[in-house]
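Undergrad: Each residue of the sequence shown is one higher than the one before, starting from 89 at the first, in this note's numbering.
A portion of the hints provided could be inaccurate.
Using C-beta positions, here's what the derived DEER-type ranges look like [claimed, not checked]:
1. Asp113 x Ile195: 36 to 46 Å
2. Asn99 x Ile145: 14 to 24 Å
3. Ile145 x Asp199: 16 to 26 Å
4. Ile173 x Thr149: 18 to 28 Å
5. Glu114 x Leu178: 11 to 21 Å
6. Lys91 x Ile173: 21 to 31 Å
7. Thr148 x Phe95: 28 to 38 Å
Please keep in mind that the hints were generated in silico from the structure rather than gathered at the bench. Here a beta-carbon is modelled for each residue, glycine too, at the ideal position from N, C-alpha and C.
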Amino acid sequence: MSKKIDFQRLNQERTDLNELLKQEDEFFQNFANLETETYQANDALDKKTKELIGLTISLTTRCDECIIYHLQECKKAGVTRAEIIEVIKLAIIGSGSVLYPNARLAIKTIDQLEL
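Make the full structure from the sequences, and use the hints.
TA: Next up, the structure:
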């Protein structure tokens, strides 16, 4: 089995680097605000649905950091393992076998998150 994901280290590094970006230009702060507002607003879609969509986008764009982030958020939002597996299957159908390494990362992550 591969090395365990250090969620605490990854989360801290993401937070620290995001802060550096925000100090460089207000664009990054504005984007962060927009992202936060979009994911937290409970308009037509609830948090759970938004996180599943975020996970789908992360998988299809093959962003490992994003996959791990959205899986953590999915857990907080009450998403089940079965729902995540369904999203992984849909993402593979949409993107093809090139997505298998990211699917493996997602499985490893949900195992560690005990979903």
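Undergrad: Decide, hint by hint, whether the structure agrees.
TA: Results for each hint:
1. Asp113 x Ile195: 36 to 46 Å: Cβ of aspartate 113 to Cβ of isoleucine 195: about 37 Å, so the range 36 to 46 Å holds.
2. Asn99 x Ile145: 14 to 24 Å: The hinted range 14 to 24 Å holds for asparagine 99 and isoleucine 145, with Cβ atoms some 20 Å apart.
3. Ile145 x Asp199: 16 to 26 Å: Cβ of isoleucine 145 to Cβ of aspartate 199: about 22 Å, so the range 16 to 26 Å holds.
4. Ile173 x Thr149: 18 to 28 Å: holds (19 Å)
5. Glu114 x Leu178: 11 to 21 Å: violated (36 Å)
6. Lys91 x Ile173: 21 to 31 Å: At roughly 23 Å between Cβ atoms, isoleucine 173 and lysine 91 fall inside 21 to 31 Å, so the hint holds.
7. Thr148 x Phe95: 28 to 38 Å: About 23 Å separates the Cβ atoms of threonine 148 and phenylalanine 95, which means 28 to 38 Å is violated.
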